[in-house]
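Given these sequences and hints, build the entire structure.
Protein chains: 2
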Amino acid sequence: MKHRGILVVVSGFSGAGKGTLMERLVKSYENYALSVSMTTRPPRPGEQDGREYFFVSKETFERRIAEEAFVEYAQYCGNYYGTPKEYVERQLACGKDVILEIEIQGALRIKEKFPDALLLFVTPPSIRELQRRLTGRGTDSQAVIHDRLLRAGEEAEGIENYDYLVINDDLDECAAKMHRLIQDAHSAPCRNEEFIEEIRAQLDELKKGEE
Amino acid sequence: MKHRGILVVVSGFSGAGKGTLMERLVKSYENYALSVSMTTRPPRPGEQDGREYFFVSKETFERRIAEEAFVEYAQYCGNYYGTPKEYVERQLACGKDVILEIEIQGALRIKEKFPDALLLFVTPPSIRELQRRLTGRGTDSQAVIHDRLLRAGEEAEGIENYDYLVINDDLDECAAKMHRLIQDAHSAPCRNEEFIEEIRAQLDELKKGEE
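Protein chains in written order, with this note's numbering: chain A, 1 to 211; chain B, 1 to 211.
Calculated from the structure, these hints are not laboratory results. Because the structure is a prediction, the values reported are computed rather than measured. Some hints here could point you the wrong way.
Pairs involving identical chains hold if they fit within one copy or between any two copies, as the list cannot separate such chains.
[Claimed, not checked] As a list, the in silico DSBU-like pairs of lysine-lysine whose alpha-carbon atoms are at most 35 Å apart:
(1) K111 with K58
(2) K96 with K208
(3) K113 with K207
(4) K113 with K58
Next comes the structure, spelled out in C-alpha cells:
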C-alpha cells in the first residue's frame, strides 16, 4: 500500500536545536524532504538560491501570493517569507514526509489548511537549560534577551496545539525519536482512508453476498 | 519526571488476534497492566476468579454501579460486564499503562470519560484475510457468520475515532509496534501538563526578573 507523505511542522524555543535536529533527521533516514522557503530578502554572503532560500523579487512573491502558491507566508521587517505549495505537494504525493521549520502562528495556519499535518514542538531538556539558552551567557544584550523571552512565552502558550513534545537532550536519540513519531503517524486512521474504505466496501459486499 | 500511565483501549475485528497480541505485549515489555473485567456470568470450567474475570453476584455488581465503581459497563445476554475503576486508577497512578480490550461502544464511552485514553484498532493484514476470518472455513453456521459481519460492519464505521490502526501481520512485529505507539503517546502535550506548566512558570519568572 503506497502512502501519501506527511507534512511535519517543527516549532520550538529558540536554542532548542531545531535546525541541527532536522539536518540530522534528513541525513540519517530516508524518506524526508526539507522544505525550502521563498523570500524577498537579498541573499547573504555564502547563501545559495534553492539551498537556504529561493530568492525572488517582491513582484514575483506577490504574484505567487495572488496565485495561491504558498502553503503559508508572512512578512517580517519588510520582507516576505513563504512555503511554496508546489514543492510540498509534489513531495507529499511521492510519499515523502516533508518537514517545515516554522513558528507557532504559521504552524496553526498550516494545521487549519492541512488537518493531517503532524505538529512537533522541540524543547531543551530542562528548565535550567531553557533558562541558560534564553538569557544567554552574559554576552547578549537586554534587547535580544527580551525578544527571546517574549517569543518563548508566545510559543509556550501554544504547546497544546502540537501533537508531540520532543525533548532535545541527545541529538541522535532525539532524531531517532522524531523519526519514530513521524513514521508512527502513518498508522493514524486519517492517513489510511483508502485502506479503511476498502475494508468497508468489502464488508458491504460480504453482507450482500450473504443475503 | 514521573509519568502517569496511559489508559489504552484495544478494539478490532473478530479474528484480528487482539487477545494474543495483548498477552504478548505484557510478556515482552514491562510497564503494562492488563485490566481484568468484573462479571455476573458464572465461571466456566478452568476459569479463575481474578484471572479471566472477577466473578460477582448481580447484587454486588449493581451496588458497584451505584457506587460509580466502573470505568464502563454493559449488559449482554442478561449478564453484566464491567471494568473496575479502582484497579485502573491505581495502576495508572503507579505509572503503569493499562490495557483494556473492549468493543467500539465501550471504547467511545471511555474516550468521553478519559479524553487522554489511547485508542488502538487492530485489523488483520488484508481484506482477503479479513474475509477468511469473518466467513469462516465452511465450518461456521450462517448465524455465526451473520453476527460477525454485523459486528465487523459496526466496528468498521467507527475506525476514525481511534488514534491508530494496528495491522496484525506478524505477531512479534505487531506487538513491538503497539509498544512503540503507546510509549510515543507519552510525548503528547496532554500527558505532559506538569512539564509544560513548569516551563510557563519559569518563563514568567524570567520575564519578571528582567523587568
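So, against the hints stated earlier in the document, which numbers end up violated here? Hint check: 2 fails alone, others pass.
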